[in-house]
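Throw the hints in and build the complete structure from the sequences for me.
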Amino acid sequence: MQKISEFVAGLLFGLGLLLSGMTDPGKVLGFLDVSGHWDPSLALVMGGAILVGVFAFALAKKRTTSFLGGALHLPKASQIDRRLVVGSLLFGAGWGLAGFCPGPGLVSMFSGQPKAAVFVAAMVVGMILFEVADRYIHRPRALARGRT
Amino acid sequence: MVIDWVNFTPWASLGGGIVLGLTAALFILLNGRVLGISGILGGLLSPRVGDIGWRLVFLLGMAAAPLVFAMLAPAGFLAAPRIDAGYGLLLAAGLLVGIGTRYGSGCTSGHGVCGLSRLSPRSLVATLTFMAAGFAIVFVARHLF
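Those protein sequences? They're chains V and X, same order as listed. Heads up: the first sequence is residues 1 to 148, going by the numbering used here. Heads up: the second sequence is residues 149 to 293, going by the numbering used here.
Hints are computed from structural coordinates only; laboratory data are not their basis. Worth double-checking, as some hints may not be accurate.
[Unchecked claim] According to the in silico footprint, chain X covers these stretches of chain V (three or more CB under 8 angstroms from chain X):
| id | stretch |
| --- | --- |
| 1 | 2-16 |
| 2 | 21-28 |
| 3 | 44-57 |
| 4 | 66-72 |
| 5 | 85-95 |
| 6 | 100-109 |
| 7 | 119-133 |
C-beta: ideal position from N, C-alpha, C; glycine also.
See below:
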């Protein structure tokens with residue numbers, strides 16, 4: 001049951017991204033180009049998603065287990081720190097350069113777009129670079145400060 | 149600012165957004181996980197025992213999406229994606245997105261959809277920050293050069 005639900009979630013998420021237009025970098029960049037010919041579509045994507053999500057997460061916060069009985073993992077981090085801001089700045093810059101964020105990049109690659117595959121490959125390399133850097137640079141310092 | 153009415157797709161985008169919201173709802177309520185793509189993918193790169201299978205199954209579902217979409221949607225419903233960036237730019241963009249989403253602990257789905265739905269101030273800051281960076285980069289690329 002758990003596995004079916006995971007598969008369906010991945011499938012539905014991909015379908016939602018395709019329907020919404022997020023898998024078209026031209027459309028994403030049209031949204032990010034506020035001072036040019038602005039395409040507000042993606043504001044509706046976010047709005048529609050959050051409209052539904054708000055109720056789901058309000059319900060989730062009241063529970064300790066999922067409806068399938070497993071643990072319910074809600075993020076515990078609440079600090080607004082340099083990692084959050086610098087990371088988001090780098091991500092936003094990359095998003096603005098090509099018009100791909102992680103989900104649409106993957107779906108576009110699965111659609112057979114070679115350019116999306118190049119983006120995803122570079123993204124995975126970036127994630128690995130982060131893992132390596134985090135392991136050897138940040139974690140010892142964070143541990144020294146008593147943070148994990 | 150001029151609204152680009154030609155490319156504006158209010159109903160498809162709102163509908164797609166609602167599907168994304170329903171999926172995030174399903175995922176947290178049934179599987180107990182926040183649906184964040186960079187986190188799901190990134191977790192595979194520092195694998196822990198018992199924490200791999202669900203990520204792979206989710207990605208497998210995502211991989212099936214284009215085929216299923218093609219079966220469900222009328223022919224020609226989706227315009228061909230416009231990927232204007234060249235390979236060099238795509239490499240740079242991918243690296244930035246990979247490093248940035250892991251360093252900032254989330255992307256458009258984890259912070260943008262789920263975080264804002266959780267009313268998390270941390271995710272609001274992240275979302276405003278990556279949006280602002282996106283707006284700035286596109287402004288520089290399209291209007292200053």
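**Prompt:** Against the structure shown, which of the earlier numbered hints fail to hold, in ascending order?
**Reply:** Result: no hint breaks.
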